[in-house]
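Protein chains in written order, with the UniProt record's numbering: chain C, 1 to 452; chain E, 1 to 452.
Rather than coming from a laboratory, the hints here were simulated on the basis of the structure.
Check each hint, because a few of them may be wrong.
Given that identical chains are not distinguished, each listed pair holds provided it fits within a single copy or across any two copies.
Stated by the list, open to error - List of simulated lysine to aspartate or glutamate pairs, EDC-like, C-alpha gap at most 16 Å: (1) Lys186 to Glu251; (2) Lys355 to Glu256; (3) Lys117 to Asp87; (4) Lys186 to Asp56; (5) Lys45 to Glu234; (6) Lys222 to Glu39.
There are 2 protein chains.
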Amino acid sequence: MDFDTIRARLDKLLAEGRKGELRGALTMLNEVDIAEYLETLDNEKVLMVFRLLPKDISADVFAYMDNDQRQRIIEAMDDGEAMRLVDDMFVDDAVDFLEELPAGVVKRMLKNCDENKRQLINQFLRYPENSAGSIMTIEYMELHRGTTVGEAMAEIRRTGLDKETIYTLYVLDERRKLLGTVPLRKLLLAKDDTQVESLMNQQFVCVHTTDDQEAVADTVRKYDLISIPVVDNEERMIGIITIDDIVDVIEEENTEDFERMAAMFPSEDTYLKTSVLTLVKNRMPWLLILMISGIFTGIIIQHYEDILRTTLSGGVLTACIPILMDTGGNCGSQASTLTIRGLALGEITPHDLGKVLFKELRVGMLVGALLALCGFGIAVFAFGGTIGAATTIAIALFFAVVMAQVLGCVLPVLAKSIKLDPALMASPLITTIVDVGSLIILFMVAINVLHV
Amino acid sequence: MDFDTIRARLDKLLAEGRKGELRGALTMLNEVDIAEYLETLDNEKVLMVFRLLPKDISADVFAYMDNDQRQRIIEAMDDGEAMRLVDDMFVDDAVDFLEELPAGVVKRMLKNCDENKRQLINQFLRYPENSAGSIMTIEYMELHRGTTVGEAMAEIRRTGLDKETIYTLYVLDERRKLLGTVPLRKLLLAKDDTQVESLMNQQFVCVHTTDDQEAVADTVRKYDLISIPVVDNEERMIGIITIDDIVDVIEEENTEDFERMAAMFPSEDTYLKTSVLTLVKNRMPWLLILMISGIFTGIIIQHYEDILRTTLSGGVLTACIPILMDTGGNCGSQASTLTIRGLALGEITPHDLGKVLFKELRVGMLVGALLALCGFGIAVFAFGGTIGAATTIAIALFFAVVMAQVLGCVLPVLAKSIKLDPALMASPLITTIVDVGSLIILFMVAINVLHV
């Protein structure tokens, strides 16, 4: 049954006010689908339907709803009801939500919760944005040194329902230092009187609260983990990050790379929710910088104007400027994309600069030669250029392509090695540099080949 | 301890031939790190160190090694040893590996394994590339209708070690139709004589063997799953796909989008492992197509050459052509990137075309007006242009920007609605179209404003 059919049926029950049946129908759906359905409703209906949800799933549905709707629901609730809802959420989801609320509302909500929870939430709200601390959760299963398998299983049965994952257990010492991890699988296969320490994996991988979420995602991806422990500066266990949140981080970081590579500042929200003004603000700075850098190309063209006007070139050089510039830009874009992506996935490191450069140099010479040939043909047959003019264009094309490939691979690697985001060294910036370079080459070659 | 230190210690043990100690040191490492270490060794040493590994982890290490090394190891082994290794791998890893081997080697290996396994592997090798079937594994925990919790736990203890995940259990009927899923967590909290069917989640999400891996990844991401069941056309359970493989699919699909958006054919291998010739082959087709399309811009320039030469424009128009074209290209790149990304993440659907278009139109007019103003200034102050020439450029810039934004959002959405990959409608293609459009606008405006 597809979403439209489900929606039509629920809408019908809602319109006819058959609340009992609607409640029944909702319990047949996945929390994600319920949240999706709620997004289609207007404000007053959302709250009404939300209150129909069974208590045990309402916090989950709430976590999947969009922020505007969540805020409206919270505002319509009294303080007690709102706090109970936040209480039912996992700490990472609750903090995500509270971060987006106006400070006044957060204060009002925190006033109503107990001292421990308040301290905890405040601590979470203090972790730097995009740090491991800001995306972790504290609902993990911890075991103490000396626990037996039987005791551990009893503990899981007692408290496991409230944990975000019970599939990896964490063994801590008296000072809460993480000693090792035990997969639940091993626990199930062991005898009841076995000490959990003997099952423990001591070669566990962990991250620190202040680590960047991108580095965390890289680690989880590399080691195929489903959760990763987070420790503080004294190696004390603080929380865990689960794979579902890592998947979101991966997509977020990819989106940021896509945006940076298209010369934009990354946006906080999804496209449809970002205002026109914010979109303009994210796009203008680089557009302006690149446009102003374009002055150099203009100055070069003005300086060598005579060459363009000479009858020797017959207007062919001017006609070929767009082809020269676009081809250079496209080649730079190809080389930089592969390099930036390779760096992001860890397939290329700054140590590989030599290898990458040698490869792009060979690719550049091959591609450059082929495109130069093609450019020669275009100059002669499409634009009726002389052999001299066509040769000029072919040579300029060749060098523009090689230059674009080299810059395309060198600049991102250099950026990485000085801790800048390689994605900044992408097509738009490289195109602008290559434009200047290829025009200079074009005119130098013209002077020497056409003798103007 | 960082990787370089680990490597130095292992290298020392290896050089001094202290095999026992080396073996001991290796068992202290994660499988992923061992594979990374093996990649630093030359051929003969790899095989020697590989054979030192304890049997229970060698298949895991093998799964993390790179293909060339795996092939060399297999070739150095006799048939029996090779087949035992493949036997120890999960079916999805084994198939991944066999797919990369030369047909002759696969045949030789399959000859040595038993009938069941051979049939199974052959079936897997037949699933279309990038389908759910090609990435799934069959090592999941299945339960039958009527099983009690106690029986299920006993079954997990008996066979759980060989399963890729035991954290979700699948309840099947007599015809192997999937009835529901049971998280291990629920099983642990339930009484031994409870029927598993009563704990079962019937609102499970599943995919079909022929579904594209990208769609599978979208589903897993949307529902925050750690594994997803795969069924055939008759809804019979065939296998599962686990989140670690989904994470790889997500990165692979992102890489493909990055490559397509930079006008390249996606490559099969990582950058450093792709040959120069393959890189050239992946890059040339679009470069040629875009270059040949550039003929149109050239023809337009040749046709209106008189306007560029007139003293009224004083060479300013020619000097501004690169700025006009790059700015148009950059704006098209920004709009298309956000649209393509929004479509890929499901944040934008073809139904939203109206909303997206209206938004880009407003962004385009604002950005266009600001850039036109800036362009006017550049024409006057940097290039010494007349008010007339500067006005011409400003107007052309405004329309080029608006056109680029509109095409940048409309083309990817249209591509999606006719089932083409939206990533094809990215910056290089849009730049080429916008080039033609903005030049035509430039000359039309020049004729009307400058009266040439």
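Verification of the hints:
no. : hint             : verdict
1   : Lys186 to Glu251 : neither (32 Å within a copy, 30 Å between copies)
2   : Lys355 to Glu256 : neither (27 Å within a copy, 23 Å between copies)
3   : Lys117 to Asp87  : within (8 Å within a copy, 51 Å between copies)
4   : Lys186 to Asp56  : between (30 Å within a copy, 14 Å between copies)
5   : Lys45 to Glu234  : neither (49 Å within a copy, 39 Å between copies)
6   : Lys222 to Glu39  : between (36 Å within a copy, 15 Å between copies)
Consistency note: the structure conflicts with the earlier hints numbered 1, 2, 5.
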